[in-house]
Structure formats: structure tokens, C-alpha cells
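Enquirer: Can you build the whole structure from these sequences, using the hints too?
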Amino acid sequence: MKYLHVILSTLHALLRQTGAALGLGFLALIVLVAVFADLLPLDPLGQDFIRSLEGPSRDYWFGTDELGRDILSRVVFGARTSLVTAAGAVVIAALIGVPMGLIGGFFGGWRDAALMRMVDVMMALPAILFAMTLIAVFGRSQGAALLAVGITGIPGFARIVRAQVMSLRKRDFVIAVEAFGGSAGYNMFRTILPNSLSQILVQVVVLSSVAILLEAALAFLGVGVPPPTPSWGEMLRTGKTYLHEAPYYAVLPGIVLTLTILAFDSIGRGLSRLIENPGETAMQGTLK
Amino acid sequence: MTQNSFRPSRRTVLAGVGAAALGAGTIGLPQFAMAQDLKGGTLRVGLPFDMTNYDPMQFSTVNFFMIKNLYDSLIEYDENGEAMPSLATEWTVADDNKSVTVKLRDDVKFHSGNAFDADSVVATLEKATDPERGKNVFSTMSIVKDWSAGDAHTITINFNEPVPTKQILDLLQFLLPIDKAGIDTVETVPAGTGPFMLDNRKVGQSITLKRNPDYWRADQPILDGIDFTVFSEDAATASALESGSIDLIYGGSSRTAVRLRDAGYQVLQGPGKLVQVFRINSTRGPFQNKKFRQAFNHLMNRPAILKIGYAGLGEGTALPWAPASPAFDPSYDANYAYDVDKAKALLAESGLSPEEMTDWKLLVYGSEQGVVAISQIVQSSLEEAGLKIELDVREGAEFIDALLSGDFAATFGGVGNVQKFPSRVATNSIYRTVDNPVFGNPHPHPAYVEAIKQVDTSFGADVQPAYDNLNAVLVDEAFAIPTNSYETGLIVADPKLGGFTLDIDNLLVGRTIGFK
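Those protein sequence lines, which keep their order, are chains X and A.
Residues 18 to 305 (my numbering) are what the first sequence spells out, left to right.
Residues 726 to 1241 (my numbering) are what the second sequence spells out, left to right.
There could be a bad hint or two in this list.
The calculated lysine to any residue pairs, modelled on SDA-like cross-linking and capped at a C-alpha distance of 20 Å, are [claimed, not checked]:
1. A:LYS1086 - X:THR208
2. A:LYS1067 - A:VAL1096
3. X:LYS257 - X:SER69
4. X:LYS187 - X:THR208
5. X:LYS257 - A:PRO773
6. A:LYS1086 - A:ALA1062
7. A:LYS1113 - X:ASP60
8. A:LYS891 - A:PRO1051
9. A:LYS823 - A:LYS870
10. A:LYS834 - A:HIS878
11. A:LYS1113 - X:LYS187
12. A:LYS1178 - A:VAL1198
13. A:LYS1178 - A:ALA1197
14. X:LYS257 - A:ASP1201
15. X:LYS257 - A:LYS1086
16. A:LYS1113 - X:THR208
17. X:LYS257 - A:LYS870
18. A:LYS1113 - A:ASP1066
19. A:LYS1178 - A:ASP1066
20. A:LYS1086 - X:GLY239
21. A:LYS1086 - X:LEU62
22. X:LYS257 - A:ASP959
23. X:LYS257 - A:PHE1053
24. A:LYS1015 - A:HIS878
25. A:LYS1178 - A:ASP1201
26. X:LYS257 - A:PRO1051
27. A:LYS1086 - X:ASP65
28. X:LYS257 - A:ARG926
29. A:LYS1086 - X:GLY160
30. A:LYS935 - A:GLU912
31. A:LYS1113 - X:ALA153
If the Cβ cut is set under 10 Å, some of the chain A residues that face chain X in the computed set are [as the list claims (entries may be wrong)]:
32. PRO1028
33. GLY1034
34. GLU1081
35. GLY1095
Sample of chain X residues lacking proximity to chain A, with all beta carbon distances greater than 10 Å (derived) [said to hold, decoys possible]:
36. GLY42
37. VAL52
38. LEU56
39. GLY72
40. ASP76
Worth flagging that the hints you see were computed from the coordinates, not collected in a lab.
Bear in mind the structure is a predicted one, so any value in this text is a computation, not a measurement.
Where is the CB? At the ideal position from N, CA and C, for every residue including glycine.
Expert: Take a look at the structure:
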């Protein structure tokens, strides 16, 4: 309930900011169409060679690709690929990165040193190179892309949570819990973690945006989700070939991708503003 | 005894150029200029790729722009496959077809200044028969027993068995003499007799050729030089042509060529097409079943593949031959057309379960957008026939390794030498009769091996039946399903250029090109 309260109050505060509200609205639309795409009259795989590379029309709002497939349908189903990759990557990064940051920041000493050196090693690896290496080992699949993006996101979570824990560790309310016999686990997960949620939320938003871009970059380089599964990056890659004959092919999916990243960034900026101005929401000090 | 003797004069060479230029294979051309009307200058050519090395035996498509400009072959074919003299003035095939005697020109010099003679042809033959140094010519030399130089300008090549005349001509056309003094360094320093000489090269960026002042063909080359620029990206090359930065694109994509043709540029389609083939590893899974393989004869939507993958440039074909091949037979195209019902019937006859029939992936070359598209067309056709399979997309070297080592169930891959003697198709890995990298030894399709042997040993009235038998065996064994011919070495040129010679292998022949 405590977590839910923080999230709901944050959402409420975000909706009061125009940029963040627009971002949330667009993202909600993308999520909705991605989740309920099967219920819509869309076919991302149906080929119609007679109508290949047709411009936008009443029948095909975004036009057709080289195989005569509906680009709008592929953009909608491509959202699934991007969002699932982003969500999966965030879950992997948070599940590993948050405990690392919590333990390192709370206990300090050799545990902190060991964990942070691991984080340093991970940060030294260029994300895209690491992702391509993983894909080379495991083969092209959404799972491999998701895992690759997730692992590269671990250091971000670990460092942000560690910094937050270190700043909270000596605060009165944490010391008070210890004085009343609260265990280290209780203190970490029930006292400190809820108070770090705002920073974690910002990191979730940032990593989601990075994950979508990285997935698109991998697909653009030809190592993303294999065809015919729709993917925004794959559409950009293929559309590039037909830029002269069918500019809409690459441009329209590119616009959707750009708007999605902008939406995440707007939300991220909104969250940062809330952290800097705690008076605007109840997310800071909720549990104090 | 078959004798061909022809000493070209300046007039006949020019007439040949004009005839070639006016021949079939050109689209969107109002009229070619005759060689006499053309002016020199420096031709600026855009390439989508860099070359590998200067060895003319490295007969890879990436080297096609260079070979006929730095080297000459013993004989040449015109675009209809008719043999013409080049460095050889005449050739005489023995009555028993077990040898050929070749007379060489006596007025030719290599770029080094050394004289061209029988010794240099002997050195070239020695290199060609060496498994390491012979490269792409090596397999063609399997018919050669030995050779002897009669005098400084005569050489006789002996064969192991009687060899059909067409196959002998293919060999002579494939031999590009190399300067004996430079044969060991030919990969890095060109050593030919060709109309142009190397001036400068920046690896990965550009190659500059200058005219050979001592070239033996009268009034050729017309150009003063050729500047090749490597662009890597097809779209960038097209933009360079449209902006006037270059005069000609060699080896660009069919799709770009069609677009530029519509914008008023010249597009030249030579006779040396490749044929796209759906290669099947018949030693694996369901593909060991003949009926299952035969179903794929009817699962290739050739019109769609040609349109989507190659912008309509080329022809749908059920056999691995270009129209210039003596084995070309268009009747197969109708008999083995796309027909899902026929395919379903053959799949049912195979007796395989649905799980067995879908227990494989289609290997796809991800670096080629056209191949990714046609693979998805096949995937869709298979789904219509009830087979839901996945694509295994791989890039660059990873794909090439899998292709050449046979580590795939099925994949698309182009084959060449489809416009020459039919058994030359066996130079392509999937069609090899011995040491086939996909099938290994012994070859799992003895009927095919026998059919190739029959083609190689048939003379007179037996020739056509041998070709017919080979065609029937190819569709019956169904280990390689051709889909369409397509362009390699496609030329897109500014309208101000003329004098193009269409080479049988679609090599770029710069010596007759000039500015109108």
C-alpha cells in the first residue's frame, strides 16, 4: 500500500505538469494499442504484392511496405516488441541493480567495494557492443535483446540506489528503526527502499527510453528481432532502402519512435522536477 | 577439325562495338553512339564495393569492374555467346576433341613492357592448375591434361577426355594471360595486357586507371583514364550520379537502376546474369524426402520474388540457366510454376508428419535486403501450404561460413556461369558433383552426377538429349530450386556516355566507352 500510495501521488503530481501529462498520455495510448492490438482490425504479416510500397491512403493510413504489408499495423505490433523489451530490461536491471545498491550502500566496507567494482566492470562495457556480443552467443531473438539491454541497465540502478541509501543511512528515522531492534533487512527494504522510490522511478523511465532506443539500434544494425516480427528499428532499417521511392516507410515509424522517446523523457523530466521540489507531491518523505 | 580464324581490322572492331552496343539487353536507350563519334576524357565510376586483389583468376563479382580493364582474355564472347578473337587470333579444335591449338597475337605487350607470347600463357596455365593459386579457374582446368608451346606464338592444350567444343571455348574465354615476370605478385601488382594500367589505389576508397599507350587494339581505349570511387552505400552512389559527381554506376542494385532509368539514365543489362537458387540441404531432416523437396518446385512465387527482390529486372526461371545457355528451356517455367495445391499434394505424398515438415529454419542473408524480402515471401508461401517455419537471419561472414560449409537446411544463394556450357553450373558449390561442401562425398544425387557426366561426354546428336536429361533430373532431384535470373554488374550511366560493350560475364569493359 505504501508503494502504491507513492506511485499514485506521483502520477497525480505529474499530471499537473503539461509536458509530463502529454508524455503520459502518449505513452498510455501506445501501451493500450500494443496490449489490445489483437482486438484491432490490423494484420502486420499479410502480404499483398500488388500493392507494395503504396503511399498513405484510406485503406493504408501509413502506406504499405515492400511486401505490401500495412505499415500502421506493423507500427502498432512493433510497439509490443519495443515495450516488452523495455519492460523486461527494466525488470532485469532493477531486480539485480537495486539489491546491489541497497547492500553496498547500507553495509559499506568490503561488500560495497566488491559490488561497486562489479558495477565498474559492467559500466566499462559499451552497451551496444555488449548487446551484440550476447546476441552473437545466444542468437537473434527478443529474449537475447531484452537480456542484453537489461544487463547493461544494472549499473544505473545500482549506483543511484547506493547513493540514495548512503544519504538516508544516517538519517534519524533509519537510526530510530535500528534502535528499536529493526533488522538490517527490515531497514533496507521497509524503511530505506520506499524512500528511494522516486529516484528508482526516474531510473525506470530513463532505462525504458534507453532500452527502446537500444532495441531499435540493434534491429537497425540487423541483429534485433528476426523478421517477420514487426520492430520499429527493423522498419527503419528496411525503409532506408526505399527512402527515394517510399519516404513514409522509414519516416512514419521513425516519428512514432521519436515521440515515444520524447514521452519517456518528458515523464523523466517531470519526475526530476518533483524530486527537486518535494512540495509539489507527497513522494518525498511520505514514510517519515 | 573445327577451325576459327579471324584477324580483326580496325573497321571490324569498331563494327563489333557498334553491333554490341545496338544489341539486346539495353533498356531505355535512344541510340548508342558509334565508337568513331566518341571522345576521350576521364570516366568517373561509382562502386558499391571495393575489390579484393588484382589476380584475374580471383573471379569474384567484386573484381568484375577491374578484370577486363587490366587484362585481356584469349578469346571473348559477344553478348549472344559467339566466340570472338582477342589475344588468340585463331583456335583449332582437334577432330577427336582431345586438344585445341591456339595461335596468339604477336604484337602485344604487357604493362611491364614484356612481350606477350606462349611462355606467358604456359605460366598462366601452370597457375590455373595449382589448387592454391588457380582460384576460380582451377575447377575449369580439371579437363586439361597438359599443354605444349609449338613456337613463340602457338600453344596446344590437351584434354583428358574428348571435350565438347563449347566447353573448350569456355576455357579459352576464362584464361586471362598474366605476365610471367609478375605472376607471383599479381595479387598486389597487376600484370596484364589490358587497355588500362593501374595509376593509383587507396584501399577502400578509390582506384585510378590510366590508358595503356601501347594497347594492341587500334584506337582503343577511347578514354584517357577511369576513376573508380567506392561508395559502399547504394543510395549514396545513386545520389552521386544524380548530382553529376560520377558518370556511371557499376554493380548497383536493380531497384536503384529502375528508378534512375525512369529518371532518364541509361541502364544496361548484360547477358551474364546470375540465377537465384533456393538451396536445399538434402542430407538434413525432412529434405531427405524427395517428395517433400519436389513440393518446393511449386512453392516459389517467382513473379513476386522477381518484383519485390529485384524490381522486375530479370526473368522467373525454374532451371539454373540464363537465356544464352544452350540448356535453356522455358517450358519448365510453366510446368513448375507457383501452385500451392500441387505443393500440398506432394507434401501429403511425402508421408511426413506436420512436425517433421516444419523441423527446420530458413537461413537468410540479413545483409541483403532483397534476400530478406524474398525469404519472407517464401515463408508466407510455406505458411499457405501449411508449413510454419522461422527465419534464421545471419549477417556477413556468419552467413557466408554457413553457406559454404553447408551448415543450413535451406537458404537462398545466387549461382553463376549459367550462360555458358551447362556443366559449368557445377562450379557453384550447391551444384558441385565432387567435394560438394553441402552434400559431401559420395554425392547423394547420383542421377545428377551422371547427368552432368553425360553432358560433358556427349557430341553431335547426343548433345540436346543430354541437356534435356539434365533439366529433367534437376527438377526431379530438387536439391536446388531456381527462382529467377537477376543482374550482376548492372551499369547505370549518364546519357552522355556511349560505346558500351556487353560482356558475357557482365564485366565492365572500359576500352570502348567514350563521351558523346
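Enquirer: State for each hint whether it applies.
Expert: Checked hints:
{"no.": "1", "hint": "A:LYS1086 - X:THR208", "in the structure": "52 Å, violated"}
{"no.": "2", "hint": "A:LYS1067 - A:VAL1096", "in the structure": "25 Å, violated"}
{"no.": "3", "hint": "X:LYS257 - X:SER69", "in the structure": "15 Å, holds"}
{"no.": "4", "hint": "X:LYS187 - X:THR208", "in the structure": "12 Å, holds"}
{"no.": "5", "hint": "X:LYS257 - A:PRO773", "in the structure": "16 Å, holds"}
{"no.": "6", "hint": "A:LYS1086 - A:ALA1062", "in the structure": "23 Å, violated"}
{"no.": "7", "hint": "A:LYS1113 - X:ASP60", "in the structure": "17 Å, holds"}
{"no.": "8", "hint": "A:LYS891 - A:PRO1051", "in the structure": "9 Å, holds"}
{"no.": "9", "hint": "A:LYS823 - A:LYS870", "in the structure": "9 Å, holds"}
{"no.": "10", "hint": "A:LYS834 - A:HIS878", "in the structure": "13 Å, holds"}
{"no.": "11", "hint": "A:LYS1113 - X:LYS187", "in the structure": "61 Å, violated"}
{"no.": "12", "hint": "A:LYS1178 - A:VAL1198", "in the structure": "13 Å, holds"}
{"no.": "13", "hint": "A:LYS1178 - A:ALA1197", "in the structure": "15 Å, holds"}
{"no.": "14", "hint": "X:LYS257 - A:ASP1201", "in the structure": "40 Å, violated"}
{"no.": "15", "hint": "X:LYS257 - A:LYS1086", "in the structure": "27 Å, violated"}
{"no.": "16", "hint": "A:LYS1113 - X:THR208", "in the structure": "53 Å, violated"}
{"no.": "17", "hint": "X:LYS257 - A:LYS870", "in the structure": "52 Å, violated"}
{"no.": "18", "hint": "A:LYS1113 - A:ASP1066", "in the structure": "16 Å, holds"}
{"no.": "19", "hint": "A:LYS1178 - A:ASP1066", "in the structure": "35 Å, violated"}
{"no.": "20", "hint": "A:LYS1086 - X:GLY239", "in the structure": "18 Å, holds"}
{"no.": "21", "hint": "A:LYS1086 - X:LEU62", "in the structure": "18 Å, holds"}
{"no.": "22", "hint": "X:LYS257 - A:ASP959", "in the structure": "11 Å, holds"}
{"no.": "23", "hint": "X:LYS257 - A:PHE1053", "in the structure": "37 Å, violated"}
{"no.": "24", "hint": "A:LYS1015 - A:HIS878", "in the structure": "53 Å, violated"}
{"no.": "25", "hint": "A:LYS1178 - A:ASP1201", "in the structure": "17 Å, holds"}
{"no.": "26", "hint": "X:LYS257 - A:PRO1051", "in the structure": "40 Å, violated"}
{"no.": "27", "hint": "A:LYS1086 - X:ASP65", "in the structure": "24 Å, violated"}
{"no.": "28", "hint": "X:LYS257 - A:ARG926", "in the structure": "30 Å, violated"}
{"no.": "29", "hint": "A:LYS1086 - X:GLY160", "in the structure": "18 Å, holds"}
{"no.": "30", "hint": "A:LYS935 - A:GLU912", "in the structure": "19 Å, holds"}
{"no.": "31", "hint": "A:LYS1113 - X:ALA153", "in the structure": "25 Å, violated"}
{"no.": "32", "hint": "PRO1028", "in the structure": "8 Å, holds"}
{"no.": "33", "hint": "GLY1034", "in the structure": "9 Å, holds"}
{"no.": "34", "hint": "GLU1081", "in the structure": "23 Å, violated"}
{"no.": "35", "hint": "GLY1095", "in the structure": "9 Å, holds"}
{"no.": "36", "hint": "GLY42", "in the structure": "35 Å, holds"}
{"no.": "37", "hint": "VAL52", "in the structure": "25 Å, holds"}
{"no.": "38", "hint": "LEU56", "in the structure": "23 Å, holds"}
{"no.": "39", "hint": "GLY72", "in the structure": "16 Å, holds"}
{"no.": "40", "hint": "ASP76", "in the structure": "19 Å, holds"}
In terms of the numbered hints stated before, the structure departs from hints 1, 2, 6, 11, 14, 15, 16, 17, 19, 23, 24, 26, 27, 28, 31, 34, listed from lowest to highest.
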